[in-house]
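Q: Our numbering puts the first residue of the sequence shown at 7, with every later residue one more than the last.
Mixed in with the good hints there might be a few duds.
For each label pair, taking beta carbons as the anchor points, the in silico distance ranges come out as [what the hints assert, rightly or not]:
1) A449 / T425: 17 to 23 Å
2) S201 / V332: 35 to 41 Å
3) T409 / T365: 37 to 43 Å
4) V332 / V79: 28 to 34 Å
Treat the hints as calculated values from the structure; they're not laboratory data.
Glycine residues also receive a C-beta, built at the ideal position from the N, C-alpha and C atoms.
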Amino acid sequence: MPFSPRLIRIELLAGLVVALALIPEALSFSVIAGVDPKVALYASFTMAVTIAIAGGRPAMISAATGAMALVIVDLVRDHGVEYLLAAGILAGIMQLALGFVGAASLMRFVPRSVMTGFVNALAILIFIAQFDNLDGGNPRVVALAIAAFAFIALLPRLTRAVPAPLVAIVLATIATVTLGIHLPTVGDQGALPASLPPFGIPDVPLTWHMLRVIAPYSVTLAIVGLLESLLTARLVDDITDTTSSRSRETRGQGIANVITGFFGGMPGCALVGQTMMNVRISGARTRLSTAAAGVFLLTLVVVFGDLVARIPMAALVAVMAYVSFVTFEWHSIAPATLRRMPKGETAIMLLTVAATVVTHNLAIGVGLGVLAAMAVFARRASRMVGVERTVDAAGTSVRYTVTGELFFASEQALEAAFTFAADPRRVVVDLTGAHLWDASAVAALDAVEQRYLARGSTFEVVGLNQRSRALQARLGT
Numbered sequence: 007m008p009f010s011p012r013l014i015r016i017e018l019l020a021g022l023v024v025a026l027a028l029i030p031e032a033l034s035f036s037v038i039a040g041v042d043p044k045v046a047l048y049a050s051f052t053m054a055v056t057i058a059i060a061g062g063r064p065a066m067i068s069a070a071t072g073a074m075a076l077v078i079v080d081l082v083r084d085h086g087v088e089y090l091l092a093a094g095i096l097a098g099i100m101q102l103a104l105g106f107v108g109a110a111s112l113m114r115f116v117p118r119s120v121m122t123g124f125v126n127a128l129a130i131l132i133f134i135a136q137f138d139n140l141d142g143g144n145p146r147v148v149a150l151a152i153a154a155f156a157f158i159a160l161l162p163r164l165t166r167a168v169p170a171p172l173v174a175i176v177l178a179t180i181a182t183v184t185l186g187i188h189l190p191t192v193g194d195q196g197a198l199p200a201s202l203p204p205f206g207i208p209d210v211p212l213t214w215h216m217l218r219v220i221a222p223y224s225v226t227l228a229i230v231g232l233l234e235s236l237l238t239a240r241l242v243d244d245i246t247d248t249t250s251s252r253s254r255e256t257r258g259q260g261i262a263n264v265i266t267g268f269f270g271g272m273p274g275c276a277l278v279g280q281t282m283m284n285v286r287i288s289g290a291r292t293r294l295s296t297a298a299a300g301v302f303l304l305t306l307v308v309v310f311g312d313l314v315a316r317i318p319m320a321a322l323v324a325v326m327a328y329v330s331f332v333t334f335e336w337h338s339i340a341p342a343t344l345r346r347m348p349k350g351e352t353a354i355m356l357l358t359v360a361a362t363v364v365t366h367n368l369a370i371g372v373g374l375g376v377l378a379a380m381a382v383f384a385r386r387a388s389r390m391v392g393v394e395r396t397v398d399a400a401g402t403s404v405r406y407t408v409t410g411e412l413f414f415a416s417e418q419a420l421e422a423a424f425t426f427a428a429d430p431r432r433v434v435v436d437l438t439g440a441h442l443w444d445a446s447a448v449a450a451l452d453a454v455e456q457r458y459l460a461r462g463s464t465f466e467v468v469g470l471n472q473r474s475r476a477l478q479a480r481l482g483t
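Kindly generate the complete structure, drawing on both the sequences and the hints.
A: So this is what it looks like as structure tokens:
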């Protein structure tokens with residue numbers, strides 16, 4: 007994509023908006039993880055800049071996240087920040103390894119219903135998280151947040167020259183400062199760092215005990231980070247009608263987490279809310295916006311920290327609430343969609359949403375959704391097995407014509423289709439239109455054969471395709 011002055015302006019302004027939203031988010035994540043605010047802010051800078059270069063999805067925002075913060079709470083409490091940095095580096099190495107072996111291809115097993123549930127759950131979580139910043143329902147905070155939300159929603163109808171969230175933040179800050187209105191601000195969330203992130207090696211003993219301590223956390227961080235990042239990349243693919251490199255994104259996340267650990271930052275991954283702000287609201291499409299977000303963030307907190315600290319949280323609440331609104335897949339709960347969609351698909355989406363919102367754990371929500379999708383698919387596939395019984399004119403033989411996919415969920419239906427006592431002495435099973443998928447299918451066929459042989463009948467299987475024949479030869483009795 008050629009960089010015109012207009013495109014550069016869009017990308018830089020988008021990055022600035024994201025940077026302003028990232029600051030309070032990073033501060034809140036540091037509280038969750040139990041670390042100094044600079045650990046999360048440094049992570050947001052290094053993750054964004056590194057992934058802009060090494061990542062596989064342009065315009066996607068990676069930084070410190072709540073999902074990763076929840077994983078490391080116990081590690082920080084029991085062993086301290088240095089162990090956290092080591093765990094992040096090890097998680098990055100694991101992600102690099104997964105990228106080189108092609109683990110990202112497993113994302114194709116996440117069905118659309120789970121993806122929709124993932125998006126809706128994160129939209130709900132983003133919205134719920136904003137209540138903590140309303141100062142206990144302070145009427146002035148709520149009023150400013152509502153006014154800023156309406157402004158963000160309406161300004162694009164007049165002009166798109168400047169991102170509406172940026173204008174809302176600036177106007178809200180000017181209004182509260184000039185009018186002397188005292189509301190909770192960014193500065194109330196925590197101290198902002200005054201220096202650049204220093205390079206350093208985590209101060210941990212290089213022993214097997216240390217590895218045993220951090221390894222479980224690193225595995226979880228690697229999986230949760232890749233899951234959220236790859237699902238977010240897929241979401242951006244759909245919005246922009248472009249494709250991303252999943253393997254490159256997997257490796258990029260690994261590189262970013264390794265670098266972040268050496269610069270004193272907590273592990274991170276892609277952020278759905280800020281990515282939607284960047285792509286859907288601000289219209290960014292290139293890596294420039296992602297890099298700009300990281301650079302602006304560090305510049306704002308180090309150089310303009312005093313000014314940033316005066317931004318009212320109500321303005322950022324409005325921005326994130328609007329992000330939540332545009333992120334939610336409203337069509338997925340429209341009556342027309344619910345009437346048209348198979349009940350199993352809707353149930354999978356709702357299960358993913360409920361599990362993610364209740365546990366605040368993306369891995370659990372998506373994992374349960376995928377398991378439910380597998381169960382629904384197995385149930386449907388098992389019902390697609392057909393068995394037709396035909397007795398010859400002389401009544402001396404019977405042919406069973408089997409069609410469909412034979413696997414563990416269909417073995418009972420297969421066995422129940424045979425009328426052992428009423429059949430003639432010669433039995434032929436035609437599997438031309440069927441396929442054996444696993445040991446359960448082979449075992450079911452063997453069981454049918456044994457029951458006929460026990461009655462003194464002859465039993466013959468015909469029409470097996472090459473793979474089914476090979477499976478039966480290897481597993482059959």
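Q: Would you list, in rising numerical order, the hints stated earlier that this structure does not obey?
A: Violated hints: none at all, because every hint is consistent with the structure.
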